[in-house]
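*Asks:* Residues per chain are reported as follows:
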Amino acid sequence: MADRAPPDAPRIRAAGLTAFYGAFAAVKDVTLGFGANQIHALIGPSGCGKSTFLRTMNRMHEVVGGHVTGQVLLGNEDIYAPGVSRTRLRRRVGMVFQKPTPFPTMSIYQNVAAGLKVGARLPKARVDEIVERALQQAALWNEVKDRLHTSAVALSGGQQQRLCIARTVAPEPEVVLLDEPTASLDPQGTQRIEELLFTLKAAFTIIIVTHNMQQAARVSDTTSFFYLGSLIETGPTKQIFTAPAVEQTEAYITGRFG
Amino acid sequence: MNRLGWRRWKSRVMVGLMMVAVVVAVAPLVMILATLVARGAGSLNLAFFTQIPVPAGETGGGVAHAIVGTLLIVGTAALLGLPIGIGAGIYCAEYPTARLAVVARFVADVMNGTPSIVVGVFAWTLIVDVQKHFSGLAGSAALAMLMVPMVLRTTEEMVRLVPHSLREAALALGYPRWRTSLSVVVRTCLPGIVTGSLLAIARIAGETAPLLFTALGSQFMSRDLDQPMAALPLTVFTYATGPYDDWHRIAWATALVLILVVLVLSLLARLATRQRFGSRG
Chain A
5 MADRAPPDAP RIRAAGLTAF YGAFAAVKDV TLGFGANQIH ALIGPSGCGK
55 STFLRTMNRM HEVVGGHVTG QVLLGNEDIY APGVSRTRLR RRVGMVFQKP
105 TPFPTMSIYQ NVAAGLKVGA RLPKARVDEI VERALQQAAL WNEVKDRLHT
155 SAVALSGGQQ QRLCIARTVA PEPEVVLLDE PTASLDPQGT QRIEELLFTL
205 KAAFTIIIVT HNMQQAARVS DTTSFFYLGS LIETGPTKQI FTAPAVEQTE
255 AYITGRFG
Chain B
51 MNRLGWRRWK SRVMVGLMMV AVVVAVAPLV MILATLVARG AGSLNLAFFT
101 QIPVPAGETG GGVAHAIVGT LLIVGTAALL GLPIGIGAGI YCAEYPTARL
151 AVVARFVADV MNGTPSIVVG VFAWTLIVDV QKHFSGLAGS AALAMLMVPM
201 VLRTTEEMVR LVPHSLREAA LALGYPRWRT SLSVVVRTCL PGIVTGSLLA
251 IARIAGETAP LLFTALGSQF MSRDLDQPMA ALPLTVFTYA TGPYDDWHRI
301 AWATALVLIL VVLVLSLLAR LATRQRFGSR G
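Chains A and B supply the protein sequences, listed in that same order. Just so we're aligned, residue 5 is where the first sequence starts under my numbering, counting upward by one. Just so we're aligned, residue 51 is where the second sequence starts under my numbering, counting upward by one.
One or more of the hints may lead you astray.
[As the list claims (entries may be wrong)] Far from chain B, by Cβ distances over 12 Å, these chain A residues were calculated:
# : residue
1 : N216
2 : E237
3 : K242
[As the list claims (entries may be wrong)] Partner residues aside, some chain B positions facing chain A, computed with beta carbon under 7 Å:
#  : residue
4  : G111
5  : A114
6  : V212
7  : S215
8  : L221
9  : L223
10 : Y225
11 : P226
12 : R237
13 : T238
14 : G242
15 : V244
No lab work stands behind these hints, which were simulated from the structure alone. Cβ coordinates follow ideal geometry from the N, Cα and C atoms, glycine included.
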């Protein structure tokens, strides 16, 4: 658990962000920045809005019919400004979901290369390189290098999730969002993913939603606690877990509710 | 103890009743197949598949004209009907609440319940009566009209079976919506769509009523879709209602060929489904 100074220039930042499903505000007026090359954990009880908040960062919130008010700034750009392309945005802000979602009709190789298909056309040799690099970054290369062209759904659950991470990092996004990426995995699979997150943060800004407080404590540099749609407290992970400033945070992390 | 015996007895009676129901359901099918084989198989020979009919009274000849006619009419119907049915099905599944999708779904359900002879008369009014002559193409159009609602509904069901999470995964990679639909969603359920399409083709291959008003039938080899054309079901109809014993023999054999064509298509459909589960497991 690295104890870093608060980030001075956030890579991505929400400003006065409120996210709605219809008339219901699932996230209320959140202002929160995420520094580059760090792992940021979002914690809180079920229904606290942390997943919704995560999905506003690459506008996946809108896929399920939600909308927002306020801003999300990627660098200096408001991703909700008129004329912003969602598809281009999502190539810069990638996402890994709770359950592994390999494309069943594609091979391992094709899965990793899937995100490259929508960018500029690349020569085959370059794609080969990127696929290898992405699988290395996802700590899966050694296990699959001899069967790159076999079905992706034959992999174990943990391997499938690492494949999804490789697929997400292959197009080199700036930010990687992870929505409870280990929730459906066994302890061993969970450990592999936690380990690879440390290597990934050298290249990406990582935001991870987790139900598992030990996981937040183990992997993250900063932790933000959400409750009932509001951001209650944010700070360096060590501080949140040892000396939270707000009573509710302490109650949650000590297991008194949630 | 007594109670247990009573329950066992009840269970056995119910299982027995269900078995009777299965036998009653399957028996006619077996009888049809057995009769067809018994009466038709003897007439099957190479000439039956390669020659056209001989004049009444003479023996020999075959139904090559009807086999070619069915292939042409059904093939053209598939070319017309499958793209429309599949395209509309994908639309209805991807935009389930769009007004157009709601209307299309309702119309498809109504059309699925419409007797095929109505579709035949409709095609007659629309094409034959306007062109002033019967044609294979009019037959294809009638069969395509029957096919579209079937294919629409099966395609829609198949597309909806694809987990939402796959769609989200593609969108999160920066896939535009149309591309998500085509290269991830449709690709994933393609075996299901193929199965539905083959079953629909098998269904329309045996349709007779729509062809009576459109393709009309013919005693000669015709490869011109603009002209009246023979088809297996029409040949069965013509020969079975004819006065000669030799014609009845041909009708039996033709019916057997028709059933075999449908059987092969159904088997292909089964195969496509099996491969889908194979690649997933």
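*Asks:* Next step is simple, just say for each hint if it's right about the structure.
*Replies:* Now the hints, each set against the structure:
At the 12 Å boundary, the C-beta of A/N216 stays outside the reach of chain B, the nearest C-beta of that chain being 21 Å off. The Cβ of A/E237 sits about 28 Å from the closest Cβ of chain B, beyond the 12 Å cut-off, so the non-interface label holds. Distance check for A/K242 against chain B: the nearest CB is about 31 Å away, which clears 12 Å, and the non-interface claim stands. Given hint, B/G111 at the interface with chain A, is violated; its Cβ is 48 Å from that chain's nearest Cβ, farther than 7 Å.
Interface hint at B/A114: violated, since its Cβ lies 40 Å from the closest Cβ of chain A, which is beyond the 7 Å cut-off. The beta carbon of B/V212 is not positioned within 7 Å of any beta carbon in chain A (closest approach about 9 Å), and the interface hint is therefore violated. At about 5 Å, the closest approach between the beta carbon of B/S215 and any beta carbon in chain A falls short of 7 Å, and the interface hint on this residue holds. Evaluation of the B/L221 hint against chain A yields a held restraint, the C-beta minimum of about 6 Å falling below 7 Å.
Taking 7 Å as the C-beta cut-off, the interface hint given for B/L223 holds, the closest approach to chain A being about 4 Å. Because the smallest distance between the Cβ of B/Y225 and any Cβ of chain A comes to about 6 Å, under 7 Å, the interface hint for this residue holds. With 7 Å as the threshold, the beta carbon of B/P226 comes within range of chain A, its nearest partner Cβ sitting at about 5 Å, so the hint holds. The interface hint given for B/R237 holds, since its Cβ lies 5 Å from the closest Cβ of chain A, which is under the 7 Å cut-off.
Hint status for B/T238 relative to chain A: holds, with the closest Cβ pair at about 5 Å, below 7 Å. The interface hint given for B/G242 is broken, as the beta carbon of that residue sits about 12 Å from the closest beta carbon of chain A, more than 7 Å. Interface hint at B/V244: violated, since its Cβ lies 13 Å from the closest Cβ of chain A, which is beyond the 7 Å cut-off.
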